[in-house]
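Q: One-letter residues, chain by chain:
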Amino acid sequence: MRRNRFNKVSAFAEICLKATRSHDIKSSLTVTLRDAGVTSWYVGPLVHESDLPVGLGQFGLAPGWQEQYAEARHCEVDPVFLHAKRREGPSTWGACRERAIREGASRRALQVFDEAEEFDLLDGFIMPTLGTHPLVDGVTFGGLDPDLSTDGLLDMQMIGTYAYEGFRRLAEGFNRVSPYLTPRELEVLRWSAEGKTAWEIGEILHIGVRTVRTHQTSIKEKYGVSTIVQAAVRAALDGTVAAPF
Amino acid sequence: MIHLIAGATNPNCRELLAGMFRLRHDVFIKEKHWNIKSYNGLEFDQFDTEETLYLVELDEAGAVVATVRMNPTDRPTLFSEVFADMCHGGPPKCPKTWELTRGAIAQNVRKSLHFGRIECATIEAALLWGVTKACGIFGVDLLMKKMRCGLDAKPIGQPRMIDGESHVAAEFAMNGDVLQRTRTLYRITGPSIEQIHLMPGARRAA
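From first to last, the protein sequence lines stand for chains A and B.
Adding 30 to a residue's 1-based position in the first sequence gives its number in the numbering used here.
Adding 28 to a residue's 1-based position in the second sequence gives its number in the numbering used here.
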């Protein structure tokens, strides 16, 4: 039994760390969670759908629930999201609901649970993650009767951790390792990023125009792009040169 | 400044080591209330040996602000002696795999870049010593932070609650690519380790 649980989490972690498409993580996440009684999941920033940064926020929600949740702007009052925003560690939807009642939450806030039940989402799991500053990110899983035992929650935390990291890496192009540029190539790239022409760079560095172009060709090849501007953008994104903006 | 110190009893680094053991006492006993022993405000155990390596970071005033302990896994480790059941297939045993334990950052600098520097220094130390893999028992939060740093941390056991926090045994590769990723993320441009203190008489030249 323990071996099975380990194999399941371990296999999912492997997929997340090696995935080249978010679809691979999505399908594996759905299958992995199904065994734990989870039918809906969300991984990403805890904001309204229309405020999600490009590439962030992955859904595997019950049909209709995503639309209803977004239309009602539930994310603004959802006690489950509020729990994660307080960064208080993993919890269950049930615990979030109890706390909301205890603290006198609004009728609108508690209505989120009632509406979720209409989609067979009776309970679930929530955990905050590190976040993509300044947004607060989280992972939440729900279902009719999800496994919220101690072991079940531990597994969900691991699965949520790897799902979040896998999606984040894909969104940020994280697995792409910066190519090594020679000191001269770095100088040429920095001046190119400033908008200088090959002739101007040659004058600044006291080298010929053809030499500048040779360096630029090498830089483009190393980044696998077709223009020096694309290379400069990639270099700014991976921190090789300071962003010119 | 980050020092790499070989040996818990290295006679050339008594003050640095005492500062490091004191930081561990402050973090693990005073702050986290771990049920472990300490002696006159210094926390150390049977896994602090002459074979152990330490990273010790000092702030500008010379106070120890961050540390991590590294032990080769072909010798007794916390994994093999205390938490063996947390690892499926038994604890790692390989001279090229380090166990990382007692990672601590002083409370007052925890939101600064010390974490990134210590992570880079750990990988640099591994590259210097020819170590290719590291393992340990980490809080799941810390595991996420390590992955954010660029480490491909893989679980090697079932998670478990320890002192009210979920922990899991995990391992990850230590190589030049991982070092580059971590340096890029924290915008660190050069080596993080500034001084290496070998045990007097040790044959290894780092």
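Derived by calculation from the structure, the hints in this document are not laboratory data.
Please note that the accuracy of each hint is not assured.
Claimed, not checked - Here are the simulated lysine-lysine pairs, DSSO-like style, with alpha carbons at most 30 Å apart:
(1) 48/A with 124/B
(2) 48/A with 58/B
(3) 38/A with 65/B
(4) 58/B with 173/B
(5) 115/A with 60/B
Q: Check the hint pairing residue 58/B with residue 173/B against an upper bound of 30 Å on the C-alpha distance.
A: Roughly 23 Å separates the two Cα atoms, so the pair holds.
Q: With the threshold set at 30 Å, check whether the alpha-carbon distance from residue 115/A to residue 60/B stays at or below it.
A: holds, 23 Å
Q: For the pair we were handed, residue 38/A and residue 65/B, check the Cα-Cα distance against 30 Å.
A: violated, 37 Å
Q: Between residue 48/A and residue 124/B, does the CA-CA distance stay at or below 30 Å?
A: Cα-Cα ~24 Å, so holds.
Q: Does the structure keep residue 48/A and residue 58/B at a Cα separation of 30 Å or less?
A: Distance ~40 Å between residue 48/A and residue 58/B Cα, so the pair is violated.
Violated hints for the displayed structure, listed by number in ascending order: 2 and 3.
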